[in-house]
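2 protein chains.
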Amino acid sequence: MASKFTELAIDCADPAGLARFWCAVLGYEVRDEDEADGVVIIGSPTVPEGKDRPGPIPPMLTFARVPEAKSIKNRLHLDLNPTDADQAEEVHRLLGLGARHADVGQTGEESWVCLADPEGNEFCVLASRCP
Amino acid sequence: MASKFTELAIDCADPAGLARFWCAVLGYEVRDEDEADGVVIIGSPTVPEGKDRPGPIPPMLTFARVPEAKSIKNRLHLDLNPTDADQAEEVHRLLGLGARHADVGQTGEESWVCLADPEGNEFCVLASRCP
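Here the protein sequences line up with chains G and D, keeping their order. Heads up, the first sequence stops at 131 in the working numbering, and the numbers go up one at a time, no gaps. Heads up, the second sequence stops at 131 in the working numbering, and the numbers go up one at a time, no gaps.
Since the hints were derived computationally from the structure, they do not count as laboratory data. You can take every hint at face value.
With a cut-off of at most 25 Å between alpha-carbon atoms, the simulated BS3-like pairs for lysine-lysine come out as follows: (1) G:K73 to D:K73; (2) D:K73 to G:K70; (3) G:K70 to D:K70; (4) D:K70 to G:K73.
Remember, predicted model here, so these are calculated numbers, not experimental data.
When you get a sec, could you build the whole thing from the sequences and use the hints?
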């Protein structure tokens with residue numbers, strides 16, 4: 001017996017805006033959008049260009065409005081791998097989308113880059129490029 | 001250009017213990033275990049029994065030790081779908097693994113059940129069974 005990790009739920013102030021940011025980051029599309037239930041985004045299951053098989057379909061991300069603002073560092077965060085750019089190029093792109101650098105106590109020696117989304121949710125851009 | 005969501009990083013007090021719990025919940029296996037870097041668990045890409053195609057490979061989960069304890073409700077949480085049991089059976093199994101019921105202000109009318117892992121990280125068990 002097991003459960004499947006089907007959705008990563010993200011509390012936020014602006015579901016539509018934050019979903020747009022993460023769609024641009026991950027190349028996802030909006031699957032459902034509803035004032036009461038929030039916004040659901042999902043990666044495409046189609047075969048990526050130049051590949052002979054579909055890539056894995058990640059869990060959906062769901063964005064639900066909550067009254068409380070982001071305060072302390074999140075206990076869970078996403079780690080990302082650039083798929084078609086090196087780390088510096090991808091960080092530059094993400095900053096252009098509305099991300100900002102985040103200080104979570106890193107020393108500067110790490111191989112990853114810590115960023116935060118427009119609502120302050122920390123995430124990391126890893127150095128390795130996806131195969 | 002896009003980034004891929006490759007890892008969900010979880011801060012914790014006991015990486016090995018929490019990784020064991022989540023392996024049992026999700027049917028994952030430990031991929032790497034290291035005192036400095038924590039524990040990485042991943043779903044198997046093999047074809048599930050009785051299925052004619054491999055299921056999606058979720059992002060890895062990584063568990064890293066942090067000094068601060070869990071305090072407020074997490075801003076990100078996992079939503080799970082039982083794969084081979086109904087919701088009540090799966091909740092019963094998860095409680096046996098060390099989960100407990102969590103109160104995040106739900107009314108009791110929801111279709112999902114809110115639980116927390118042994119370190120208090122909230123997650124939900126959804127009502128629908130995976131196809």
